[in-house]
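Read in order, the letters of the sequence shown correspond to residues 1 to 470 in full-length UniProt numbering.
Derived by calculation from the structure, the hints in this document are not laboratory data.
Glycine included, every Cβ here is placed at the ideal spot set by N, Cα and C.
Check the hints yourself; a few may be wrong.
Ranges between beta-carbon positions, derived for each pair [to be verified]:
| hint | residue 1 | residue 2 | range |
| --- | --- | --- | --- |
| 1 | L311 | T274 | 21 to 29 Å |
| 2 | S396 | V240 | 34 to 42 Å |
| 3 | D329 | V366 | 35 to 43 Å |
| 4 | T399 | V366 | 35 to 43 Å |
Below, computed lysine to any residue pairings styled on SDA-like, alpha-carbon distance capped at 20 Å [as the list claims (entries may be wrong)]:
| hint | residue 1 | residue 2 |
| --- | --- | --- |
| 5 | K259 | T372 |
| 6 | K259 | L293 |
| 7 | K267 | T308 |
| 8 | K267 | D301 |
| 9 | K259 | A459 |
| 10 | K267 | S364 |
| 11 | K259 | L289 |
| 12 | K259 | E296 |
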Amino acid sequence: MDLADACFAGAAAQADLLRAGELSSRELVDATLRRIDRHDRELNAYRLVFAEQALEHAAAADERRARGEDAPLLGVPIAVKEDSAIAGLPTTTGTYAVDQLEPSDSEVVRRLRAAGAVIVGRTRMPELGLWPYTESAFAGATRNPWSPAHTSGGSSGGSASAVCAGLAGAAIGSDGAGSIRIPAASTGVYGLKPQRGRVSLHPSGELWTGMVVAGPLSRHVRDWALVADQIRGSLPSDPVAAIPPRTSFVEAAATPPGKLRVAVSLKPWVAGVTVDQRVRSAVLGMAELLRELGHEVIERDPTLLDPTTQLALAPRYLSSAAEAVAALDRPSAVERRTRQVAAMGRAVPRWLVVRSRRFGERFSQVANQIFTHADVLLTPTLTRPPIRVGEWQGRSTLTTLLAANRYTAFLPQWNIAGNPAASVPAGFTPDGLPLAVQLVGRPHDECTLLSLSSQIEQARPWADQRPPGF
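Hey, can you work out the whole structure from these sequences and the hints?
Structure (C-alpha cells):
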C-alpha cells in the first residue's frame, strides 16, 4: 500500500497492515510526521508534535513485533486533544495560562500507550473549550481540510482536522456540549460521544458538572470502535460509571443491527431556531436510506424541557467556565472573551447551579421517553453547514454565545441526559462542505449506534473521499 493511502486508511486498517508486516510502524509514523510537517502550517491542527519521541516509540513497537508481541494499537499513530494530561507537560486546554507540569499521563493516554499506540502530538482546541470553532488570538484558526476558509469546529477541532487530513490514524476528543460531534460534522469524519462514565477522565474526575466525556474521532466506524475499546472503562475513584456494553465495540461495529425503529426529528431544542435546508435534506435523505435498509422510520420529536436553555444549560456552562478560569495558574492571561464568559459565570448564584443540575435529572427522564417509541433518534448534527473562519469574531460575547446555542441546538441536551450520540457523515453541500446527521441511542447503548453507523457506512462509504490537496 502507498504510504499516503496508509495514512488515510484509519487506525483499524493501519493496525492490520502493521500486524501483517506490510509496513513498519516507523515507516507509518514517519509518513504521518512528514504529512504533518507539510500540511499543518495551513491547518493548524496540532499544538505540539512529538516527532522525535514518536519515532522512538515507533521503533520500539517494531522491535516488540519482531519479538512476536502484539497489542491492539501497536505502532498506530494517534493524536490527543490538549485537554488530556501528558506527563511532563502542562495540560494547556487551549490557553497559555497554564504552567504546572503534569506528574503523570491521564488515564486515557495511559491506556492508549498500554494498547501500543504511538502518540504523535496533541491537537488544538479553543481556549478552555468554550466555543464550537477552534480559533484564538494567540494560536490563530484551526482550518477545515475541505475548505480552509471554514472552521473545523470545536472544541475538538484540531483532532477532527488531523483525522480528516490523514495526519493521525485516529484522535481523542472531548465533548461537553457537542465538542466531538461539532468538529466531526464540520470535517466529514465519524465522532461518537460515549455514554457519560464510559471513559475515565482521571485525574480530572467530573468536568463541567458532569457534562464532559472523552472519546475518539475517526475516519471509519471500525476505527472508533477499536480505539474506544482500548480506553473505555471507569476507575473506582470516578464519580460515575457506565453500564458495561453488551459486547465489545469492535464486535458491535461488525454486527448488522437488525431491524430498528428510528425516530426522525427536525425540531431543535432551542426555540425559534431554523434548520438550513441543506441540513434538512441530508436528514431526510438519511431517513430514506434507513427505510431502504429495512428499518422502520417514524416522525417523532423528543420532549425537551426548557426550550430557552436558561435553566438546563446556561448555569452549568457559565459557572463551569468561571471555575475553569479560576483554576488556571495565570487567570489574567486568558483572552478578553474568555474573561467575559467567566465574569458571567461568577454572577450565577450557586443555588441556581444546584437547581440546574437537579433539573437536568428531570430533563433526562423526559428526553429519554422517546426511546419507548424508538431504538434510535435521527436528527441534524448542526443546524447549518460549517461556519467561516472568523465569522463570529466581530460579535459581542453575549451574541456569540447565543449564536453558538443556535448552531448546536441538537447537541447539548444529550450531554445533560448523558446518552451516547454520534455524528455520521451525510454527504456534502453543492460547494463541497461536509454535512452530517446525529444518531442518539438509549442510555449506555453505544453498540446499537455502532452497528447502525457501520451499516450506513457500508451503504454510503464516506472515508474514501479525501479533501482536495491532501
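Evaluated hints:
no.: 1; hint: L311 / T274: 21 to 29 Å; result: 23 Å, holds
no.: 2; hint: S396 / V240: 34 to 42 Å; result: 36 Å, holds
no.: 3; hint: D329 / V366: 35 to 43 Å; result: 41 Å, holds
no.: 4; hint: T399 / V366: 35 to 43 Å; result: 30 Å, violated
no.: 5; hint: K259 / T372; result: 16 Å, holds
no.: 6; hint: K259 / L293; result: 8 Å, holds
no.: 7; hint: K267 / T308; result: 14 Å, holds
no.: 8; hint: K267 / D301; result: 7 Å, holds
no.: 9; hint: K259 / A459; result: 15 Å, holds
no.: 10; hint: K267 / S364; result: 17 Å, holds
no.: 11; hint: K259 / L289; result: 13 Å, holds
no.: 12; hint: K259 / E296; result: 7 Å, holds
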